[in-house]
Every structure is written in structure tokens, then in C-alpha cells.
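K.L.:
Read off the chains here:
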Amino acid sequence: MIRTLPNSRTYAISFKLYILLYFVFLFAPLLVTCVLAFNDSQFPSLPWKGFTLDWFTADLPNRVGIFHDQINLDSIAVSFRVAFFVTLLSVVVGTCGAFLFEQEEFRFKQLLYFLMLAPLVIPGVILGISVLLFSNTLGTYFEQHWNLDIALFRPSFWLVVLGQFSFIATLVTLVVSARLKKFDRTLEEAAMNLGANRFEAIWHVTLKYLRPAIIGAGAVAFLMSFENFNTTLFLVGSEATLPINLYLQVRDGSTPVINAISFLLIMGTSLIALANLYFSRKVE
Amino acid sequence: MKSRKRWGLFFFLTPVLLWLFLLIVLPQIDMLIMSFRAENDSGQMIWSLTNYISFFDDPIYWLTFVRTAVYSILVTCLTFVIAFPVAFFITKVVSPKFQGFFLVLLLVPFWVSEMVRVYGWMILLRESGVLNHFLIKLGLLHQPVEMLYRDATMVLGLVYTMMLFMVVPLTSVLESLDNSLIEAAYDLGGNMWTILFKIIIPHATPGIVSGSIVVFMLTLGDYLTPNLMGGKNSLWFTEQIYNQFIASFNWNQGSAFGFLLLALSSLVVWLGLKLSRQELSKVVQ
Chain A
1 MIRTLPNSRT YAISFKLYIL LYFVFLFAPL LVTCVLAFND SQFPSLPWKG
51 FTLDWFTADL PNRVGIFHDQ INLDSIAVSF RVAFFVTLLS VVVGTCGAFL
101 FEQEEFRFKQ LLYFLMLAPL VIPGVILGIS VLLFSNTLGT YFEQHWNLDI
151 ALFRPSFWLV VLGQFSFIAT LVTLVVSARL KKFDRTLEEA AMNLGANRFE
201 AIWHVTLKYL RPAIIGAGAV AFLMSFENFN TTLFLVGSEA TLPINLYLQV
251 RDGSTPVINA ISFLLIMGTS LIALANLYFS RKVE
Chain B
1001 MKSRKRWGLF FFLTPVLLWL FLLIVLPQID MLIMSFRAEN DSGQMIWSLT
1051 NYISFFDDPI YWLTFVRTAV YSILVTCLTF VIAFPVAFFI TKVVSPKFQG
1101 FFLVLLLVPF WVSEMVRVYG WMILLRESGV LNHFLIKLGL LHQPVEMLYR
1151 DATMVLGLVY TMMLFMVVPL TSVLESLDNS LIEAAYDLGG NMWTILFKII
1201 IPHATPGIVS GSIVVFMLTL GDYLTPNLMG GKNSLWFTEQ IYNQFIASFN
1251 WNQGSAFGFL LLALSSLVVW LGLKLSRQEL SKVVQ
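So the sequences go chain by chain: A and B.
Under our numbering, read the first sequence as residues 1 to 284, first letter to last.
Under our numbering, read the second sequence as residues 1001 to 1285, first letter to last.
Isolated chain B (complex conformation) (with noise of 0.2 Å):
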């Protein structure tokens, strides 16, 4: 019995071994080794900080990854304060007659590929786009106005893009709180404004913590959206990485760039959750 029990755990480990240390353990070591790798005068790999030392050195490299932090915690900010009314709509407000027929509408967006979404915000608000020509139509504009690629944009783009992990986790924790509560509250005089510190919020927090993660981190690793949007001016990180590994073939100063971008996500996502007191395996639920 013992040894086809160890079978057991031999048949399931295999593969799961095989997938988290061939994909994932050891290419991040990998990573991190080339990113102290460099090639000296006469052209031989030897063990240098020379990578990380360019990335402090030429302001536009530390530049953008101040900058794309910053703006990630603006999307992750953003997301939140649109999407919590939604989330709040429809667990709480709407008859729940609707509230199927509502959250499937809300999702259903969102399965569509990345790419079509930020093409349609593209065919919406580039110079010979729709809303120009329904502004101009009703005599608003007199002349079409570029919309795209400035950062107002690539951040609404990041925040339509975004926002399914953020009205997710919300409507779970949202569904999961009793409304007797907010009626016990009432009843004993609370106004709108005290029920949402006082009784919402604390409740919504474990959701509200996993979505901002989760939006933080997809936001801080997304491509094709500050690619698309922002233009060429967008100078969000992952483009600074794809430009050495892609462009310059430098994959060692390429390295080094993935290495710190995944360490401020590590430190964000390990910041958020201490501060909230949450554990990862429960946030990820």
C-alpha cells in the first residue's frame, strides 16, 4: 500500500516538477545570470554590474521605469474608483432578477483579445477616428483633433484593458457581504458616507487588495497597450526591454532591465500584501 501510494505522488510531482523548474525557476536563473554577464574590452563574457550600472546612469532608462511605476499605480487607482460602483451595482443595487444577465455583460467583453479592444480604441479616437467625426458632425470641433498616442490615452486604454481583474474579485467579496449589515447600520442612523468606511471597505478589502495586485502587476508588464496607445512617446518599460532584446540584441543589459522590472513587481505585490495583512494563496482565490 505504502509503495503505490509513493507511486501516486511520483506520477503527480513529475510533471508539475518538470513545468515550474524547466519554465519557470530556472529561467528566471538564467535571467538573472546573464543580467551580470558583460562582454569586456577584448570582447570576453566576465562577471560585471556594468548593465545595472548603464540603467542608473542614463536618466531615459530610469526615467521610464519611474515612470511606468507611477503610472501603474494610477491605472490601479483609476480601475478601482470606476470599477467599485459597478461591482457595488450589481451585487447590492440591481434587482436580482438582472444580476446574471448583468455580469455576464460584464465579462463578456473581456475575452476578446487585448488586441481587438485597443484597435477599437484606436479606430474611436485616432484623427480620422469616429468621435472626431460625430464632434465635428455636431459642430463641436471645427477641425480633427489627434487623440491618440498622448498619455491620457494609453492610461484609459490601460484601464479598459484592465478592468475585468479588478470588477472580478470585487462582485466575489462584494456578493459575500451580508446585507443585513448595511441595514443594521442604517437603521442606527449611519449616512451613505460612514457605511462605505465603516462597513463596506473593510469588508471588500481581501478583493480589493487581489484585484489592485493583479491589475498593478499586468499593468506594469503590458506591451501592447502603452505600445499601441501611447505612441511612440508612450516610453513604457517593457518597450525599453524589448528594444535591447529585440532591437540592439543586447540581452544582457535586456536581462538586467526584466530582472528590475520584476523585482519592483515582487515588491509591490509583497508590499500590498503586508500592508493589508492578506496572504498570497488566499488572494489568488
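Just chain A, same shape as in the assembly (with noise of 0.2 Å):
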């Protein structure tokens, strides 16, 4: 049954392969995926015939590598654009979110830290679709009124930007605030009695405090906005992201430039996830 109980030969075997079987699961789109980003072909399927580059260097008539690709090298440079923006923007305010909920003492606190949690359980096409119809909302009202045409009203790259942030700021409240719940607060005292206001003690000793979770949720943010489709399929404008972008071209038809991109997807990621694990990891 456990580890520690006697167990059978078939029980031990039969959910090692389950094990094997789920991991293979897990693996195959992945591993087949950045397998024929470096098929010899025009197609990315097989019959393999033979390892190349083209797909990353390229810069010939039948053939564009992703470096040279003007199209989706800018619609990742947008990616990184809006996922900075994104990070920036819900670290400060879920910090903000954290302190709130944990050292603060107002009324309605209940309910503001239901409304919080809501972004969790509403799904992402309705947050996008919301934050459209009340951006253009607002856009008719201000040119009605007083006639003024604001770009951000429309769907553009701070639309997309505020769309994710909208449900991003949740999961870093939530992140920090569980560091935050950690905390000794008689530190915060102690810097007090010393001298310093409440807004350098939070500089100087409790934001030091929360600087791993702060990293590691800044982390998460990123990612989860540089990946995010369902959301910002509604918001976007005339500069695609990367997710956007791809999912035009796959349901057009493929090239194996898209295996490229998502091998280098692939690859970063998992840098990232394994540096944000290893980090977290030592802290503990």
C-alpha cells in the first residue's frame, strides 16, 4: 500500500507502470515537439530526414528561421513587454494586497478579501470579455462628454496589459501573503521603537523578509502572463502576443518554425521553473 507496508509484486509493478505510462503521457506532445523543430522538412511531421538548423538560422525563400522571422520575433518582443508590465504592475499592488489583508483592521475586510479571491473562480474569456465591454463603456462615455479620445479605452497593449493583471494580482496577494502570515511582527515593533516610521520599518525589515516570496510570485506572474491566451484574446489589438500569434498560424497551417518557437518556449520555461523552484527550495 506505502512504502513502509509490505506490499505485492503486481500491486508494486503494475503502479510502476502507471507511473511510466503517465509520465510518457505527460512528455510525448513535449519531447515530440522539439524533436522535429530540427527535422530536415517542410512539414513538421515525420519521416525524419535528417538533423538541420533551418528552422532557427535559415533566411532563404521556402525557408525562415525563427531568427529572422519579423513577425513572430516581434510578437515575442511584445510578450516580454506586456509580461514585464504585468509583473511589475500585480507585485506592487498584491504586496500592497498582502499587507492589507494581514496588518490591516477595516470594515468589509471579509468581503474585499471575497471580492480578491474572485478573479480564482471567474474564467478568463469573461474577465476579458468584462474588461472590454467596460473599457468601451468608459471610451464612449469620455468622447460623449468631453470629447476626448483615450487609446487605452480600446483594445490595445495596456488593455492586455490590465486584463491579466487583473486575475495575475490574486494569485501574488495570495503568494506573499502566505510569507506575510509568517512573519514576527515584534521585528517591526522593534524597528519602530527605534526610530523608524512604519513605512521604513516595512522597507527596511519586512519587505527583506518577503523578498523570496516577492521574487517567486514575480516569477509565476511572468510566466503565467507571457502564456496567457483566453484572457488576452480579447483584449489585443494590433501588436499580437506570442500565444496570439501562434495560435493563428497553427490554425492556418504549420511550419516548422512554430516547433522553433516552441522549443525555445520550451527550453526557457523550464529554465525558469527549475531556477524558481531551486530558489524557493533553499529558503525553506
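Hints listed in this document are in silico derivations from the structure and should not be mistaken for laboratory results.
Incorrect hints may appear among the rest.
[Said to hold, decoys possible] No farther apart than 27 Å at their CA atoms in a straight line, the calculated lysine-lysine pairs in the DSS-like style are these:
1. K16(A) to K1198(B)
2. K1198(B) to K1092(B)
3. K181(A) to K109(A)
4. K182(A) to K109(A)
5. K109(A) to K1092(B)
6. K182(A) to K208(A)
7. K1097(B) to K16(A)
8. K1092(B) to K16(A)
9. K208(A) to K181(A)
10. K1137(B) to K49(A)
11. K1198(B) to K1274(B)
Now that you have both chains on their own, put them together as the hints suggest.
P.N.:
Encoded structure:
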């Protein structure tokens, strides 16, 4: 049954087989995607026609590798910029949220806490359309009443940032709160007895303590933003993010360039994920 | 001192209030209002139930809605059945030396974008795909079969995409189960099934509920996987919403659909919490 109890042979073997199958299931699509990025063929499929780096580096009429593919490179740049601003915003606001719910007392705190959790149970598509609708309503209002045309209220870069931020901030709040719970507040009091005001105490003492959680939450926020599709779909303007751009290409047929991008993404995210896991282990 | 305290509250409260009201509360209210507005015959916007009536009038809308709900429940159950033994293996069976390694191995694929994972399945399963290639090579098939764009494939893709959100809460809840309870039950003569249903499952209920809620909600609101793996016939409700917003540009109808989806998702979350006597704030942690 468990490792400390005697197990029958069939039980042990069939369990191991199941786990093996599970990991095959888990890694098969990623492995195939990576391998076919190096296949010397016009299509991302077998048979294997030899190893090539063309889908990364080539700049030929019939083959444009990712490093020369301007549309895809642009969308990668857009995704990085979106993810940067989403991370910045959600880390700042999420940390404020953590302090608010852990250290402050005020009326309707329970209600506000419940509202803060709400983005977790609202489907991403709904978040996307509601932000789109509301920004449109605001845009129309400003135009009719003040004759102002504000670009922010149309599907655009900043609307994508705001839409993603609306639910990623919840995640940061929860992660930072979890660490703030374990913080010994007498340390803050000591700092204040020594003459610091509340904000100096927070800046020099509490934030130092929270740093691992903030960095971890930031990394998660960055990845979630980078890969978000469902919310972004409704808010995206002329600047497509990478997942949106890939979706449009996959829908209309695919080339091994997509495999090459996927390969880079898989390597990049795995590195961030492993670094994140490594650092959070070290802290514990 | 008192005034300084107020100042701190103000400092933390403002950004959070701005965030929650401008990006969550007001947009949802706006969506609700929009869903009750429609054009009358002379082209003016009036209050009306038209958008909801057309949902019930047109079978394709409500059938898609029911279909999406049923498939989401199926996906949730399947994800649980597949993930539970894995979580159990990692927390209770494998030697503690390898536990960390397995956990990392389990999590890494889910950091990769959903788009990339779906794409991986597409090149595996499509007619000219890798799986067909091997099956023909092995002589199991004579002609390639299109395995994509079927309901079963869509369910497979969704289960794969959602797996993480089930495995993580399950491992953490099983981690907290004291091994000696299982050992005691074993010594007292309990067999595998009694131990599973009398000890392990009751202890794991909070994790099961939180995993199921998140998986159900995300499946219901997913657009990418049903759209790419289910093909043109996938008929997922989010696609109806997308069509109303982007293709037909009927935002009022789309809002009504959005609100219905939100209502369904909230209802199921609420039911799940009530039936298992859990609280939302506990479940999300």
C-alpha cells in the first residue's frame, strides 16, 4: 500500500507501469515538438529527413528560421513587454494586498477579501470580455461628454496588460500573504521603537523578509502573463502577443518554425521554473 | 499614532480598491447591464430580455451550453481519476529520495504555454502526425486516421491541460496524511479498498474539492484547447461567446452568454463548496 508496508509484486509493478505511462503521456507532446524542430522537412511531421538548424537560422526564400522571422520576433517582443508590465503591476499591487489583508483591520474586510479571490473563479474568457466591455463603455462616455478620445480604452497593449493583471494580482497577493503570515511582527515593532516610522520599518525589515516570496510570485506572474491566451484573446489590438500569434498560425496550417519557437519556449520556461523551484527550496 | 495608522491603511487600500473595482466589479456589472439591453425595431437601445430569450429559443445555444457543462464535468472526473494515483505514488509510495525529483518532473511541463502543449498534441495526432506514422510503420494501420477534431481528442487535450491544477492540491493534501493512520488500518486488517475509502479519500477531500473546482472552472472557460483540438464541430460555449463578440459584433448577446457562463461556473463552485462543507478562502490555499 505505502512504502512502509509490505506490497504485493503485482501491486508494485503495475503501479510503476502506470506512473511510467503517465510520464510518457506528460512528455510525449513536448518531446515530439522539440524533436521535429530539427527535422530537415517542410512540414512538422515524420519521416525523419536529417538534422538541420534551418528552422532557427535560415533566411532562404522557402525557409525562414525564427531568428529572421520578423512577425514572430515582434510578437515575442510584445509578449516580453506585456509580461514585464504585468509582473511589475501585480507585484506592487499584490504586495499591497498582502499587507492590507494581513496587517490592517477595517470594515468590510471579509467582503473585500472575498472580492480579491473572485478572479480565481471567474473564467478567463469572462474577465476578457468584461474588461473589453467596460473599457468600451468608458471610452464612449469620455468621447461623448468631454470629446476625448483615449487610446487606452480600445483593444491595445495596455488593455492586455490590465486584463492579465486583474487576475494575476490575486495570485501574487496569495503567495506574498502566505509568507507574511509567518512574519514575526515584533521585528517591525522593534524597528519602530528604534525610531523608524511604519514605512521605514516595512521597507528595511518586512520587505527584506518577503523578498523570496515576492521574487517567486514575480516569476510565476511573468510566466502566467507570457503564456496567457484566453483573457488576451479579447483585448488584443494590433500588437499580437506570442500565444495569439501562434494560434493564428496553427489555425491556418503549420510550419516547423512553430516547433522552433516552441523549443525555445520549452527551454526558457523550464529554466525559469527550475530556477524558481531551486530558490524556493533553498529558502525553506 | 492613530492618524499614521490610518495613513498606512489608506496607502495599502487604494491600489487594491482601484484594482478590484475598476477591473473586476464594475466590468462585471457592466456586462450584466449590457446583457439586458437590446435594439428595438427603430434601432434604439432599450431594456429587454431578448438576449436571454434567444438563448433558450435557439437549440444550438443552449445545447452547446449543456454540452460544455457535461463535458467539463467529465473532464474534471477523468482528471481526478488519472491524477490521484500519481499524487499518491509521489507522496506515499516512492522512496523519499526521489520525491523532489518526481515533483519537479511533474510540474515542469505545465510551465510551458498551453498553446505549445496543444500544438504538441496536434502534431502527434493529426492525419499526417507522428502517431499515425508509427502505427503504419508497425503495420497496425493501413491508412492514416484523422485522430484530431473528435470529442474524445478534445477531452484528452483538456485533461492534459488541466492536470496540474488537480495534481498540486492532491499532492499537498496527501503529504499531510500521517502514514501511521494507514499502517494502523492495515494492522487492523483493512484491505486496500477500505483503507482508500475510509481513510485516504476522507482525508483528501479538501484537496479533491479545490482541485475539482479549479479544473471545472478552467475547463468551462477554456477557448484554446476545444477550438484547436475539437475542430469546427467542437461547439464549446466560449466559442459562441467569441463569435458574438468578434464575428457578429453583437456585444449584448455576447454579454448575456458571458453572464450565463459565469452563473454556471459560480453555481458549480458554490455547490462544490456546500456539498463538501468547505470555504472558498480555505480551498484556494
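K.L.:
Compare the structure with each hint and give your call.
P.N.:
Evaluation of the provided hints:
A C-alpha spacing of about 24 Å is found between K16(A) and K1198(B), which places the hinted pair at or below 27 Å, so the restraint holds. Under the criterion of a C-alpha separation no larger than 27 Å, the hint pairing K1198(B) with K1092(B) is consistent with the structure, at around 17 Å. Proposed proximity of K181(A) and K109(A) is supported: the alpha carbons are some 16 Å apart, at most 27 Å. The straight-line distance between the Cα atoms of K182(A) and K109(A) is roughly 20 Å, inside the 27 Å bound, and the hint therefore holds.
In summary, the hint linking K109(A) to K1092(B) is not supported, as the alpha carbons are separated by about 39 Å, beyond the 27 Å threshold. For the proposed pair K182(A) and K208(A), the alpha carbon gap of about 14 Å is at most 27 Å, so the pair holds. Distance hint between K1097(B) and K16(A) is fulfilled; the C-alpha atoms sit about 16 Å from each other, no more than 27 Å. For the hint linking K1092(B) to K16(A), the alpha-carbon distance of about 13 Å falls within 27 Å, and the restraint holds.
Between K208(A) and K181(A) the CA atoms are separated by roughly 15 Å; this keeps the pair inside 27 Å, and the hint holds. At most 27 Å may separate the alpha-carbon atoms for a hinted pair to count; K1137(B) and K49(A) meet this at roughly 16 Å. Of the supplied pair hints, the one linking K1198(B) and K1274(B) holds, its CA atoms being roughly 21 Å apart against a limit of 27 Å.
Comparing the model with each earlier hint shows a violation of hint 5 alone; every other hint is respected.
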